[in-house]
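Enquirer: Chain E is already provided as a structure; the job is to place chain R on it using the hints.
If you're matching them up, the sequences are chains E and R in order.
Read left to right, the first sequence gives residues 1 to 450 (the numbering used here).
Read left to right, the second sequence gives residues 1 to 129 (the numbering used here).
FYI, nobody ran anything at the bench for these hints, they're computed from the structure.
Where is the CB? At the ideal position from N, CA and C, for every residue including glycine.
Fair warning: there could be bad hints in the mix.
[Stated by the list, open to error] BS3-like mimics (lysine-lysine), calculated; alpha carbons at most 25 Å apart, straight line: (1) R:K64 / R:K104; (2) R:K90 / R:K46; (3) E:K324 / R:K46; (4) E:K285 / R:K64; (5) R:K64 / R:K54; (6) R:K46 / R:K104; (7) R:K46 / E:K149; (8) R:K64 / E:K324; (9) E:K176 / R:K46; (10) E:K285 / E:K324; (11) E:K186 / E:K324; (12) E:K149 / R:K54; (13) E:K149 / R:K17; (14) R:K102 / R:K17; (15) R:K102 / E:K149; (16) E:K285 / R:K46; (17) E:K306 / R:K17; (18) E:K176 / E:K149; (19) R:K54 / E:K324.
[Stated by the list, open to error] Far from chain E by the CB rule (all over 10 Å, computed), these chain R residues: (20) A20; (21) E79; (22) P88.
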Amino acid sequence: MPFIPHTEEDIAEMLASIGADSIEALFDEIPANLKGGTLKEVPPGLSEMEITRLMMERASQDGFYQNYIGAGAYEHHIPAAVWQITTRGEFYSSYTPYQAEASQGTLQLLYEYQTMMASLTGMDVSNASMYDGATALAEAALMAVRSHKSSRRILIPETVHPVYRKVARAIVSNQKIEIVEVPFDKASGQVRLESLDAFAADDIAALVIPQPNFFGVLEQVDALTDWAHSKNAFAIGVVNPTALALLKPPGEWGETGADIAVGEGQPLGIPLSSGGPYFGFMACKNSLIRQIPGRIIGRTNDLDGKPGFVLTLQAREQHIRRSKATSNICTNQGLMVTAATIYMSLLGPDGLRRIAAHSHANTSSLIKKLTAIPGVEQVFGSPFFHEAVIRLPSSAASALEKLKQNGILGGFNLQTHYPELENTLLVCATETKTEADIDNYVGRLRQALS
Amino acid sequence: MSIPSDLKYTRSHEWVKIEADGTVTIGITDHAQELLGDMVFVELPKVGDSFSQKQECAVAESVKAAADVYSPISGEVIEVNSALADSPEKINQDAFGSWLFKLKPGNPAELDGLLNAAGYQEVLDSEDH
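Next up, chain E with everything else stripped away, as it sits in the complex (with noise of 0.2 Å):
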């Protein structure tokens, strides 16, 4: 259904009809004193010529640069086909339609989804989506207490994202949920068991396990998932989706799986653009079909026996059970759902795992030759994907400053969240580089360090 902008004459129409007199005269009820004025600091409107030249003015100062930061968004290749299908009328609209009879491709293109990351995480259910990873991960702890009912602790380790753990504890300690945070072991850039039986007494509601995690190392999940099941936890899995086509996925972690997988979607198919829009994605087991928040999509039948898709269990939500609803969620990030399935459409398992090995290749190429310049070594000796850590012999943030003068972003610079991690940076290849970008690299970088 396109979307098209009344016209003077169509609301002329519509109001004579219903014997008003202007649309302002319909919020008539609303007290003079409560209605908003003008805006006094918004400029006047810019015509479309000047405002395409200002917003490429902006844009210009963005620069082109070669870009080897991951550290939670990752730049990979969205094939052509990804966009323009995805604005086409019947799918660009951002939001989860209620009038089911006139939605049915949007709905359905939802179901797929929600199939597609059911089966990517291999767990039971997937919700139609939350807004990035970051809330998807403190959802997934809300979910975790709810459904616990006695203990209102979280374990996190301090290997997940720090802006993931900042965000968390923003969301839920107005709800009187403890969030502790469980430090890593310095060698091996995992968390480790050891360090996780200090908590052994304590009633604890979940433990949240990244893979990869921040340093793009990967943790010993079966292990872990089964510690958290031993004491009476969840385990809730915070996964990036290019590396579940190669590891395996969070729905056969331990010997029963974990619980609930949070992530964020954004390397399927999803532009970096600054920061966002993004997507969260989460699943669950089925028997927490009814605590996980947000829209699902169902597959029924109609009045005549034909198979419809419809919005399904919405009594848990915020319009309907209010306060007591699962979330205040009520929503989805519906376009860049509608993008992520095409993207996953078009390259299949197959395509997905030759971009995840594809990446990580580039990843331990660059790490091997980078290493091979004196003074600089990796950080963790652990087993990673497409992300590793390394220490430079001097300041990283003046490494950077010259990678950048070379029109390179170096990597993420870990001392700014770590800071014990001196002069450590957080690289990441994907399959966008080449050898004889990873060679240019290297050899910016050996000049940067002489």
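Expert: Chain R in isolation, oriented as in the chain E frame:
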């Protein structure tokens, strides 16, 4: 549907059966199931939970709403009807015959304050629909 005369009632549409051993059995009335529509799920309390009178103790979820069930009296849950997990629709088919849970009353005097069938019928009559 006629309102069984051997049960007691609340204004919030729960029915109460006082058993011979002094415990009470609780469900929701036919009027409640009619308003809610097709039942899809009932979230029951756990055995051992304690509630005060009028405290939310269960949730009856239908296709269009998730309604709180209020404890008619204070007491401790001694049994729950787990069969409802597989067939919540039984509440639509036979509301007065589908119990949710049983309580050991904390304060037997509260039972005197419950409505009888005639009193509940008055509540329904005054509800304009």
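Enquirer: Taking each numbered hint in turn, which are not upheld by the structure, reported in ascending numerical order?
Expert: 1, 11, 13 and 17
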